[in-house]
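Asks: Each chain, written out:
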Amino acid sequence: DAGITQSPRHKVTETGTPVTLRCHQTENHRYMYWYRQDPGHGLRLIHYSYGVKDTDKGEVSDGYSVSRSKTEDFLLTLESATSSQTSVYFCAISREMGTDTQYFGPGTRLTVL
Amino acid sequence: ILNVEQSPQSLHVQEGDSTNFTCSFPSSNFYALHWYRWETAKSPEALFVMTLNGDEKKKGRISATLNTKEGYSYLYIKGSQPEDSATYLCASLIYNQGGKLIFGQGTELSVKP
Numbered sequence: 004d005a006g007i008t009q010s011p012r013h014k015v016t017e018t019g020t021p022v023t024l025r026c027h028q029t030e031n032h033r034y035m036y037w038y039r040q041d042p043g044h045g046l047r048l049i050h051y052s053y054g055v056k057d058t059d060k061g062e063v064s065d066g067y068s069v070s071r072s073k074t075e076d077f078l079l080t081l082e083s084a085t086s087s088q089t090s091v092y093f094c095a096i097s098r099e100m101g102t103d104t105q106y107f108g109p110g111t112r113l114t115v116l
Numbered sequence: 718i719l720n721v722e723q724s725p726q727s728l729h730v731q732e733g734d735s736t737n738f739t740c741s742f743p744s745s746n747f748y749a750l751h752w753y754r755w756e757t758a759k760s761p762e763a764l765f766v767m768t769l770n771g772d773e774k775k776k777g778r779i780s781a782t783l784n785t786k787e788g789y790s791y792l793y794i795k796g797s798q799p800e801d802s803a804t805y806l807c808a809s810l811i812y813n814q815g816g817k818l819i820f821g822q823g824t825e826l827s828v829k830p
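The listed protein sequences derive, respectively, from chains A and B. Residue 89 in my numbering sits at position 86 of the first sequence, with consecutive numbering throughout. Residue 759 in my numbering sits at position 42 of the second sequence, with consecutive numbering throughout.
Simulated from the structure, these hints should not be mistaken for laboratory data. C-beta atoms are modelled at their ideal positions from N, C-alpha and C, and glycine is treated no differently. Be a bit skeptical, because a hint or two may be false.
To be verified - Okay, the calculated bits of chain A under chain B, using three or more residues with CB under 8 Å as the criterion:
1) 39-45
2) 102-114
As the list claims (entries may be wrong) - One-sided excerpt, in silico: chain A residues whose CB lies under 10 Å from chain B:
3) I7
4) Y36
5) D59
6) G61
7) E62
8) Y67
9) L81
10) F93
11) A95
Stated by the list, open to error - As a list, the in silico DSSO-like pairs of lysine-lysine whose alpha-carbon atoms are at most 27 Å apart:
12) B:K759 with B:K786
13) B:K817 with A:K60
14) A:K14 with A:K60
15) B:K817 with A:K56
16) B:K759 with B:K774
17) A:K73 with B:K817
18) B:K759 with A:K14
19) A:K60 with B:K774
20) B:K774 with B:K817
21) B:K795 with B:K774
22) A:K60 with A:K73
23) B:K795 with B:K775
24) B:K829 with B:K786
25) B:K776 with B:K817
26) B:K786 with B:K776
Just chain A, with the same shape it has in the complex:
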């Protein structure tokens, strides 16, 4: 299994509070991704990173920001959580973008009350 961890694994928070999710990899892969998974929508890309300090928006980036200060860590921040951001969040990594397999972390279940 690819060395990817996510923390926390579960979080319950209240509307309006800031939340940061962490993805950590030990594979030294260049690309890192944040997806959210919702019933009826499959996996949707939030943001991705193609190197340290290099990030770009995905399909559903509104309300989210990311940072990558080290190769191994990719942080996803909800500046002011809303109930619509209740979801399961998956981090993924790959060596190359697009033609290379993506390896997924275990997921973080976030509930915003």
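Given chain A, work out where chain B should sit, using these hints.
Replies: Below, chain B without anything else, positioned relative to chain A:
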């Protein structure tokens, strides 16, 4: 955002049945097609990455074909087993989408003993 469609949404088969499902994607600017297997409460796991028209890949009892000209891929499972029960996701990489994967909603397969 261009759509990736999977059919059927769900499928219930008996142990020993062979089954197949479809992934449809935009054929223009096609770059790659991914298949993932996703068991409940786990993370998606890569099955295949396919790039060439006419490509066929096989992994044990699971195989996949690719038609880039008409924009579809088939996933076949021969002699389904209960442990094949999972959601099967496909994702397409369209070249002018910045290298980002667009996932379908998945086909949920249930294999009864």
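Asks: Given the hint that B:K795 pairs with B:K775, does the C-alpha gap stay at or below 27 Å?
Replies: holds (11 Å)
Asks: Hinted pair, alpha-carbon criterion (27 Å max): A:K60, B:K774. Please report holds or violated.
Replies: Cα-Cα ~32 Å, so violated.
Asks: For the hint on A:L81, does the least C-beta distance to chain B fall short of 10 Å?
Replies: violated (21 Å)
Asks: Given A:Y36 as an interface hint, is the shortest Cβ-Cβ distance to chain B below 10 Å?
Replies: Since the shortest Cβ distance to chain B is 8 Å, the answer is holds.
Asks: Assess, step by step, whether the Cα of A:K60 is no farther than 27 Å from the Cα of A:K73, and give holds or violated.
Replies: holds (19 Å)
Asks: Against chain B, with CB atoms and a cut of 10 Å, does the hint on A:I7 hold up?
Replies: holds (8 Å)
Asks: Could you grab the alpha-carbon distance between A:K73 and B:K817 and see if it respects the 27 Å cut-off?
Replies: Holds. A:K73 to B:K817 sits at ~22 Å (cutoff 27 Å).
Asks: Under the criterion that the straight-line Cα-Cα distance not exceed 27 Å, is the pair B:K759, A:K14 satisfied?
Replies: Distance ~17 Å between B:K759 and A:K14 Cα, so the pair holds.
Asks: Is B:K795 close enough to B:K774, meaning Cα to Cα at most 27 Å?
Replies: holds (14 Å)
Asks: Are three or more residues of the stretch 102-114 of chain A within 8 Å, CB to CB, of chain B?
Replies: holds (count 9)
Asks: Between B:K776 and B:K817, is the straight-line Cα distance small enough, at 27 Å or below?
Replies: Holds, because 25 Å separates the two Cα atoms, which is no more than 27 Å.
Asks: For the pair we were handed, B:K817 and A:K60, check the Cα-Cα distance against 27 Å.
Replies: Measuring from Cα to Cα gives roughly 10 Å; hence the hint holds.
Of the hints listed earlier, those the structure fails to meet are numbers 8, 9, 12, 19, 24, in rising order.
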